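Sequence order for the protein chains is L and B. Just so we're aligned: the first sequence equals residues 238 to 392 in the working numbering. Just so we're aligned: the second sequence equals residues 238 to 392 in the working numbering.
Everything labelled a hint here was simulated from the structure, so no lab data went into it. Incorrect hints may appear among the rest.
Since copy identity is lost for identical chains, a pair holds within one copy or between any two.
Unchecked claim - Heads up, simulated DSS-like pairs for lysine-lysine below, C-alpha to C-alpha not over 27 Å straight-line: (1) K262 - K362; (2) K378 - K362; (3) K262 - K359; (4) K239 - K362; (5) K361 - K262; (6) K268 - K374; (7) K262 - K374; (8) K359 - K374; (9) K374 - K362; (10) K359 - K378.
If you're wondering where the values come from, they're calculated on a predicted model, not measured in any experiment.
Number of protein chains: 2
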Amino acid sequence: MKEKSFQDHYPESYSHCYGCGSLNKEGHQIKSYWDGDESVARFQPQEYHTAFPGYVYGGLIASIIDCHGTGTASAAAYREEGRPMGSEPPCRYVTASLHVDYLLPTPLGPILELRGQVVEIKGKKTIVEIQVYAEGKITAKGRVIAVRIPEYLIA
Amino acid sequence: MKEKSFQDHYPESYSHCYGCGSLNKEGHQIKSYWDGDESVARFQPQEYHTAFPGYVYGGLIASIIDCHGTGTASAAAYREEGRPMGSEPPCRYVTASLHVDYLLPTPLGPILELRGQVVEIKGKKTIVEIQVYAEGKITAKGRVIAVRIPEYLIA
Numbered sequence: 238m239k240e241k242s243f244q245d246h247y248p249e250s251y252s253h254c255y256g257c258g259s260l261n262k263e264g265h266q267i268k269s270y271w272d273g274d275e276s277v278a279r280f281q282p283q284e285y286h287t288a289f290p291g292y293v294y295g296g297l298i299a300s301i302i303d304c305h306g307t308g309t310a311s312a313a314a315y316r317e318e319g320r321p322m323g324s325e326p327p328c329r330y331v332t333a334s335l336h337v338d339y340l341l342p343t344p345l346g347p348i349l350e351l352r353g354q355v356v357e358i359k360g361k362k363t364i365v366e367i368q369v370y371a372e373g374k375i376t377a378k379g380r381v382i383a384v385r386i387p388e389y390l391i392a
Numbered sequence: 238m239k240e241k242s243f244q245d246h247y248p249e250s251y252s253h254c255y256g257c258g259s260l261n262k263e264g265h266q267i268k269s270y271w272d273g274d275e276s277v278a279r280f281q282p283q284e285y286h287t288a289f290p291g292y293v294y295g296g297l298i299a300s301i302i303d304c305h306g307t308g309t310a311s312a313a314a315y316r317e318e319g320r321p322m323g324s325e326p327p328c329r330y331v332t333a334s335l336h337v338d339y340l341l342p343t344p345l346g347p348i349l350e351l352r353g354q355v356v357e358i359k360g361k362k363t364i365v366e367i368q369v370y371a372e373g374k375i376t377a378k379g380r381v382i383a384v385r386i387p388e389y390l391i392a
């Protein structure tokens with residue numbers, strides 16, 4: 238049986254995100270998983286996700302960092318609380334701030350790999366650092382400050 | 238005659254960007270203009286650009302900040318050099334870093350307005366600060382560090 242991604246555990250009412258919602262047919266449908274203490278997501282950009290010909294659009298890189306970051310924050314919250322993802326109450330995060338450093342042009346074609354590390358959990362705030370790899374090289378680094386959505390707002 | 242946007246002056250070979258390329262039919266086609274010393278762009282998110290139902294996806298907000306930032310950097314370079322946009326040699330920028338603070342949920346529906354200010358031009362580096370407005374309120378703030386592409390790389 239295929240392992241369920243972090244995003245596949247989101248409540249249905251919170252699964253419409255353009256970046257990672259499993260119910261958003263137009264969207265990117267990012268899927269994130271644990272790989273030991275790191276979170277990992279793989280993503281295939283489309284040919285129209287261009288910056289300059291041959292390179293991936295920076296806004297797409299920011300987008301997938303964003304969703305991998307909030308997904309990792311969510312998974313880390315369940316892990317901290319010692320209960321399985323998807324159990325009640327749901328742990329869902331929004332982005333308070335997003336920072337991306339573009340280190341190298343990201344080639345358009347190969348599947349991108351995002352690797353995330355939870356660097357801080359403090360109350361409702363979780364900080365996740367993320368590296369984007371293309372063909373084994375880090376082309377961008379991101380930092381997501383994610384904030385937990387109060388339970389009463391999650392239908 | 239309708240005023241040409243910053244992006245409409247980009248060389249054709251650099252007009253494929255998913256965020257702002259006039260030749261990218263799948264993309265956002267952001268258009269930026271001067272409004273006095275500020276740059277302005279207006280953008281209508283689509284209904285599938287959702288974060289949670291009723292709100293705009295943060296990755297889209299990051300994307301339009303990114304392109305409005307590099308566009309503003311380009312226009313500011315022409316202005317600094319005292320020559321019209323689109324004149325040779327072309328001034329085109331890439332993003333070195335992108336920072337976005339999400340201050341409020343951005344309602345999905347109204348046209349968003351982005352307003353940019355050039356806060357620093359130093360050699361090849363230009364810093365642009367951007368506010369995103371929805372219904373008159375600032376919902377996000379961005380900061381783009383843009384770097385000029387060497388002329389010999391622009392076909």
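Outcome of the hint check:
no. : hint        : result
1   : K262 - K362 : neither (30 Å within a copy, 39 Å between copies)
2   : K378 - K362 : both (20 Å within a copy, 19 Å between copies)
3   : K262 - K359 : neither (34 Å within a copy, 43 Å between copies)
4   : K239 - K362 : neither (31 Å within a copy, 47 Å between copies)
5   : K361 - K262 : neither (30 Å within a copy, 40 Å between copies)
6   : K268 - K374 : within (21 Å within a copy, 33 Å between copies)
7   : K262 - K374 : neither (30 Å within a copy, 30 Å between copies)
8   : K359 - K374 : neither (31 Å within a copy, 29 Å between copies)
9   : K374 - K362 : between (30 Å within a copy, 25 Å between copies)
10  : K359 - K378 : both (22 Å within a copy, 24 Å between copies)
The structure is inconsistent with the numbered hints 1, 3, 4, 5, 7 and 8, although it conforms to all the rest.
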